[in-house]
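Chains as they are written, first to last, in my numbering: chain P, 1 to 180; chain Y, 1 to 435.
In case anyone wonders, no lab produced these hints; they're calculated from the structure. Any given hint could be a false lead.
[As the list claims (entries may be wrong)] 20 Å max Cα-Cα, derived DMTMM-like pairs, lysine to aspartate or glutamate:
id : chain 1 : residue 1 : chain 2 : residue 2
1  : Y       : K294      : Y       : D208
2  : Y       : K155      : P       : E91
3  : P       : K166      : Y       : D88
4  : P       : K162      : P       : E47
5  : P       : K58       : P       : D18
6  : P       : K166      : Y       : D52
7  : Y       : K155      : P       : D111
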Amino acid sequence: MSGFEWRLRGRAYTLGHDVPHPGVVIPQWLIAGRYLEPDELIPHLFEEIDPGFHKRAKPGDIIVAGRNFGMGPKMNGYVAMQALGLGLVSESMPFLGYRAAVGCGLRVLTDCPGVTEEAENGDDLEIDFITGDFINHTRGVTLQFPPVPEALREIIVLGGNKGWLKNWWHTNQHGTPSAR
Amino acid sequence: MAMTAVEKILAQACGSDRVRPGEIIVPDPEVIVIHDALVLPAKRELDSLGIDRLYDPDRVVVVTDHEVLYTSRRAAEIGATVREAVRDWKIENFYDVGAGGHGHIFLAERGIILPGMFVFDNDRHCTNHGSVGAFAMRAGGEITRVLATGTLWTKVPSTIRMTLHGTLRPGVFARDVGFKMACGLKAGGSYGVDIDYRVLELAGPGLDQFGWDGRVALTSSPTEVRAIGVFIPPSEEMLRQIRAVATRPFEPVFSDPDAEFEAELEMDLDDIEPQIALTGGAGNGVGISQLEGKPINHAFIGSCGSGKWQDLEIAANVLKGNHIAPGVRLFIVPGSEDSNKRLRKEGLLDVFYDAGALMLPPGCGPCNAGNMGPVHTGEVSISTAATNLLGVMGDKGCELLLASPATVAVSAIEGRVTDPRSNDAVLRFSEATRR
């Protein structure tokens with residue numbers, strides 16, 4: 001897993017609790033139309049609450065979300081976040097949404113209670129997704145949250161499900177599959 | 001260590017002694033189900049990766065239920081891709097158009113999905129299989145990983161147990177109970193629990209009055225408020241019926257007496273009145289008295305929530321010798337080809353046709369995005385669909401009410417929302433089927 005950047009440093013982009021995927025994270029028509037290509041999705045990320053977000057976002061920026069982020073199993077917004085090089089930290093998200101985010105290769109931490117109290121928009125954040133270290137340089141605060149589980153790290157490093165499957169096929173197609 | 005039934009099923013599937021809620025696991029399913037609608041994107045994805053064979057094609061079942069009657073050229077194209085995929089992937093267990101019916105209904109009826117079994121299925125309503133004491137988990141688009149590698153990572157859900165007491169009054173049915181459950185379990189509901197990604201296990205003396213058909217109906221609406229499973233421990237009577245159709249040996253699984261549940265809930269069945277779930281969710285149930293008399297245009301009996309024989313039987317009992325009201329269209333969608341055959345044999349098709357109803361082929365029917373028999377803006381639909389999210393069977397200007405098959409059939413005759421307790425055929429049916 002060498003060369004993969006598990007530590008991100010960038011600005012905080014904060015959201016509240018119960019933020020829905022359709023409408024707020026990404027417009028409903030992109031979800032209904034099953035658009036899954038990053039180029040199609042990126043211009044519309046957070047479009048309905050913050051037009052132009054994608055132009056201001058820089059790789060390493062961290063989305064800090066409250067409880068029940070995404071509110072469902074949809075993945076379209078996570079594709080765009082991953083492609084922009086963003087990270088996501090949430091107080092909680094539905095498991096199927098979390099699995100979709102990991103499946104998109106997004107660096108994501110969940111079950112970080114109270115994290116929305118620990119950052120404001122634009123704060124200078126540094127997150128290590130392997131150790132769970134959460135540093136707010138603006139406030140001079142360091143916290144610890146549950147890291148990305150070991151069993152899921154390979155999926156994220158390989159860019160999500162598709163990359164993982166591609167790698168699995170190249171490794172296993174000549175014999176009985178071992179690591180599944 | 002004590003475990004719940006679903007924890008035991010998952011532990012078996014992982015080859016472990018035990019699993020704990022919250023643990024990340026990679027369980028081996030005995031059966032993998034993919035429905036027609038998702039075969040096209042799955043085939044494209046695996047083709048693009050060069051993956052041309054499946055981990056174990058014999059475990060995979062392909063069912064055609066979302067679009068059985070092709071109503072567009074796009075649907076015909078999807079159908080052709082399904083057959084191509086089945087050929088390329090060397091799948092024997094393929095149920096083409098007209099061969100099986102609704103995958104969430106006929107796979108258990110034919111003894112393919114059995115008690116104690118762990119299943120991955122792309123579609124979330126696979127929770128239906130909890131009605132026979134199996135545990136099926138939604139894989140969504142990640143069904144590609146299940147097809148290619150035989151499994152998928154997931155998290156062990158915790159289980160909430162609900163104990164049922166009392167007896168349903170005549171004219172009240174399992175779907176009414178499901179709407180009531182969903183209403184209490186949803187976010188902000190009266191039970192005050194978080195049902196998201198939890199298994200709801202049913203228990204208690206009130207469970208005995210529900211046969212196979214009622215048990216299927218009970219699993220539907222909690223799924224709509226995000227339960228990942230609804231587990232119903234199979235009774236002796238259920239096991240007898242299942243053994244008669246089982247395609248292989250099976251071992252039922254039950255929660256240990258001292259298993260830990262995240263929450264223990266109670267429900268009293270004595271005082272439930274027939275429910276109507278208002279547009280937006282199966283958890284929006286209200287007593288039927290609040291809507292009585294509201295004119296309707298569209299009616300539909302079927303879907304994975306009401307796709308069993310008894311759902312058809314009660315509709316036939318109500319419609320016999322009657323005709324639906326002018327301006328109403330009624331669609332009947334059997335859950336399985338086997339039920340369809342039985343309708344012909346028992347002469348019930350004539351009852352439906354004579355009443356002015358339209359028969360659609362077994363499968364999802366209008367519940368799949370209104371591809372068949374949709375609702376127009378400004379119209380009111382009353383149906384037994386699994387879901388009534390805004391715009392799901394037409395555009396956002398439709399009203400989509402959910403109710404039991406008895407309520408839908410009676411309302412179709414009257415042309416307005418009607419309490420099934422006012423109908424003698426319904427009351428006689430309730431008496432005759434009392435367990």
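Going through the hints against the structure:
1. A C-alpha spacing of about 34 Å is found between K294 (chain Y) and D208 (chain Y), which places the hinted pair above 20 Å, so the restraint is violated.
2. The straight-line distance between the Cα atoms of K155 (chain Y) and E91 (chain P) is roughly 18 Å, inside the 20 Å bound, and the hint therefore holds.
3. Taking the CA atoms of K166 (chain P) and D88 (chain Y), the gap is about 19 Å. The hint holds against a cut of 20 Å.
4. Pair hint K162 (chain P) plus E47 (chain P) does not hold up; C-alpha atoms about 26 Å apart against a cutoff of 20 Å.
5. With a C-alpha separation of about 25 Å, the suggested pairing of K58 (chain P) with D18 (chain P) is violated against the 20 Å cut-off.
6. Restraint check: the Cα-Cα separation between K166 (chain P) and D52 (chain Y) comes to about 12 Å, which is no more than 20 Å; the hinted pair holds.
7. Restraint check: the Cα-Cα separation between K155 (chain Y) and D111 (chain P) comes to about 14 Å, which is no more than 20 Å; the hinted pair holds.
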